[in-house]
Amino acid sequence: MWFLCVFYHRLLDYRRAEVEALAELFGAFADTPEDDRRLQWKLPDDHHPDSPFHFVWLPSEEIARNVANRSILVKGIYQLWGQGGSYEELEEEIRSFPDDQKLPYLTAESTFKIFVDTFGKVLSLQEQNERIHGLTYIPFKGRVNLRNPDHKFWLMEIDDYGSNNGLPPVVKKRIFFGREVGAADRKLLPTYQLKSRRYLGPTAMDAEMAFLMANQALAQTGKLAFDPFVGTGSILIAAAHFGAMTMGADIDIRVVRDGRGPDCNIWSNFKQYGLPMPLSLLRADNNLPPWRPGLKEVFDAIICDPPYGVRAGGRKSGGRKLLKGTVGPYTVPDEKREDHIPSTAPYCLVECMHDLLDLAAQMLVMGGRLVFFYPVVRGEDEVVVNVNYPEHPCFKLVASSEQILSLRYSRHLLTMVKTTSYNEELAESAKKKHIEFRENHLKWLEDGSLRAAVFSPVDMHAGVDGKSKFDRDSKPKYRGKYV
Amino acid sequence: MRLLTHNMLSSNIKGVSNGFPLRLEVEKFIEKEVEFNADFLRNMFPKIEWKALVDAAKTLGYADLPEEADPSLLDSDDFLKKYHHALLELHVEEGVLICPETGRKFPVNKGVPNMLLHEDEGFWRL
Numbered sequence: 003m004w005f006l007c008v009f010y011h012r013l014l015d016y017r018r019a020e021v022e023a024l025a026e027l028f029g030a031f032a033d034t035p036e037d038d039r040r041l042q043w044k045l046p047d048d049h050h051p052d053s054p055f056h057f058v059w060l061p062s063e064e065i066a067r068n069v070a071n072r073s074i075l076v077k078g079i080y081q082l083w084g085q086g087g088s089y090e091e092l093e094e095e096i097r098s099f100p101d102d103q104k105l106p107y108l109t110a111e112s113t114f115k116i117f118v119d120t121f122g123k124v125l126s127l128q129e130q131n132e133r134i135h136g137l138t139y140i141p142f143k144g145r146v147n148l149r150n151p152d153h154k155f156w157l158m159e160i161d162d163y164g165s166n167n168g169l170p171p172v173v174k175k176r177i178f179f180g181r182e183v184g185a186a187d188r189k190l191l192p193t194y195q196l197k198s199r200r201y202l203g204p205t206a207m208d209a210e211m212a213f214l215m216a217n218q219a220l221a222q223t224g225k226l227a228f229d230p231f232v233g234t235g236s237i238l239i240a241a242a243h244f245g246a247m248t249m250g251a252d253i254d255i256r257v258v259r260d261g262r263g264p265d266c267n268i269w270s271n272f273k274q275y276g277l278p279m280p281l282s283l284l285r286a287d288n289n290l291p292p293w294r295p296g297l298k299e300v301f302d303a304i305i306c307d308p309p310y311g312v313r314a315g316g317r318k319s320g321g322r323k324l325l326k327g328t329v330g331p332y333t334v335p336d337e338k339r340e341d342h343i344p345s346t347a348p349y350c351l352v353e354c355m356h357d358l359l360d361l362a363a364q365m366l367v368m369g370g371r372l373v374f375f376y377p378v379v380r381g382e383d384e385v386v387v388n389v390n391y392p393e394h395p396c397f398k399l400v401a402s403s404e405q406i407l408s409l410r411y412s413r414h415l416l417t418m419v420k421t422t423s424y425n426e427e428l429a430e431s432a433k434k435k436h437i438e439f440r441e442n443h444l445k446w447l448e449d450g451s452l453r454a455a456v457f458s459p460v461d462m463h464a465g466v467d468g469k470s471k472f473d474r475d476s477k478p479k480y481r482g483k484y485v
Numbered sequence: 002m003r004l005l006t007h008n009m010l011s012s013n014i015k016g017v018s019n020g021f022p023l024r025l026e027v028e029k030f031i032e033k034e035v036e037f038n039a040d041f042l043r044n045m046f047p048k049i050e051w052k053a054l055v056d057a058a059k060t061l062g063y064a065d066l067p068e069e070a071d072p073s074l075l076d077s078d079d080f081l082k083k084y085h086h087a088l089l090e091l092h093v094e095e096g097v098l099i100c101p102e103t104g105r106k107f108p109v110n111k112g113v114p115n116m117l118l119h120e121d122e123g124f125w126r127l
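Chains A and B supply the protein sequences, listed in that same order.
Residues in the first sequence are numbered from 3 upward in steps of one, following my numbering.
Residues in the second sequence are numbered from 2 upward in steps of one, following my numbering.
If you are wondering where the hints come from, they were derived from the structure by calculation, not from laboratory data.
Quick reminder that beta carbons are idealized off the backbone N, C-alpha and C, glycines included.
Treat the hints loosely; a few may be bogus.
[Unchecked claim] The list that follows gives simulated cross-link-like pairs (lysine-lysine, DSS-like), each with its CA atoms no further than 27 Å apart:
| no. | chain 1 | residue 1 | chain 2 | residue 2 |
| --- | --- | --- | --- | --- |
| 1 | A | Lys298 | B | Lys59 |
| 2 | A | Lys434 | A | Lys445 |
| 3 | A | Lys338 | B | Lys111 |
| 4 | A | Lys323 | B | Lys106 |
| 5 | A | Lys298 | B | Lys52 |
[What the hints assert, rightly or not] These stretches of chain B come out as covered by chain A in the derived footprint (C-beta under 8 Å, 3 or more residues):
| no. | stretch |
| --- | --- |
| 6 | 9-16 |
| 7 | 32-38 |
| 8 | 41-52 |
| 9 | 112-120 |
Modelling step: build the complete structure from the supplied sequences, incorporating the hints.
Dropping the structure here:
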């Protein structure tokens, strides 16, 4: 059945992807083959894909409720009773909406509340009341209850406004009326917001984004989620909130083991929210992972924000000089082994991605999900220069959502599903690639550096006419993916 | 470090052909109650190296696990409880994991195993 799905006007690219993932989680695709697991979407007439108003087909109201209630970006999923370009059209539609679908929600024993909401305009309280009173043709028999109504009805209006509202001026005046089926619980966000979290690192994942990642990963009770770049645990916290068991690894021992003291570390972050502790935290290098040979298909999800060298650079075992070849291989003297601190070297993005996909291909269960951020350098005129996402024969990309971070670069949240099992052949080619990375360490480091593209001075990017291609004035006013 | 983790880790030092299971030397261990989830235990069962789990549990003084286990046991509540306890509730806080071939010690401090290799142990000198 079709539902009206209204989104928050945020993280536009993440919204449909979240609903698709949650639809999968709540069984909307139970009888659908893997390749067709897509929801049907429609837009209201003349609406732009970035409009908050969408129609989505879901198999049942129960699934729609579960999806909406678990989501972060769904303002509400509604059973649409009518829509129109004017209040007259709306009335006509609501009147002709079948009684058997209306009357059960209008009974004398039930309580209700009508919300008036607008997009891109503001209505005074008086105007809102006028609109509510204009609905008297609907036979409400129940009592009003503003605190805790049984049924919530929404009247939503969007106007034909100018071009300055974060949407292109394609939307005509449209009014929707519907019964709320479910809505996101955004109260989670102040509870988990980073500013009140005890232990934070420089790249701790924002709570809203972490929840979106956990939703993409289908985190739920009884499932095991792993973050190989765990840091302060900000992503695993979201997964644990949804009931998943968690495991994390990091190459930085200070972060995983010590934190900032006995009450300010990863464990204390979980404790702060009353979440079950991670099953395991360990110090390990994703480039030389310590998993026992033969161990495979243990994680249901791998969720991470890999270090891509813009805000934080990745490290791997090895030592800069060792990999450059300026010092030969050496042996750590026996008496120093106990307290020896192994040196590390920069870990370039390409290699980091290669290792991550190879690890995920081995360690995820079939149908398990790999959810991670991938940085993309942005070009002129909003055109993205390189959209070559990493690929792996075991994985199918099911969602990619862009978040623009600066004029120069954005990050894309990629969701991949494991569709093919790992085999000897893949292991062999991964090993070859590992050696090739090691032997050409410097070349890979130079080629793969995003930092330069993001932080180099502006005039390096000057175009032929001498104007910077990141000229702020030439930037289109439409802000779509910035919100 | 729970025994689940111990069951997943091996010594990956170059040249070591069988780095699993790591021998456990325990200075301090604690028991922590963990919420019981039968589905999780059943899903994990085929991936566990049973003998390694039994031996590790014995090192921590817990000898209630059967020496051998097959999936039919997963219907028994009594078995699931013991398996749950051994896998998830015994924590090594301080100790070392010892590579069975080279004797290299991987320290466990504050419950976190440190699996990072030294410069002369990694793959890069194949």
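Quick rundown of the hints versus the structure:
1. Lys298/A <-> Lys59/B: Since the Cα atoms of Lys298/A and Lys59/B sit roughly 25 Å apart, the hinted pair holds (cutoff 27 Å).
2. Lys434/A <-> Lys445/A: 17 Å, holds
3. Lys338/A <-> Lys111/B: 22 Å, holds
4. Lys323/A <-> Lys106/B: 26 Å, holds
5. Lys298/A <-> Lys52/B: At roughly 18 Å apart (the allowed maximum being 27 Å), Lys52/B and Lys298/A satisfy the hint.
6. 9-16: holds (count 5)
7. 32-38: Holds, because 4 residues of the stretch 32-38 of chain B bring their Cβ atoms closer than 8 Å to Cβ atoms of chain A.
8. 41-52: It holds: at least three residues are needed, and the stretch 41-52 of chain B offers 5 whose Cβ sits within less than 8 Å of chain A.
9. 112-120: holds (count 9)
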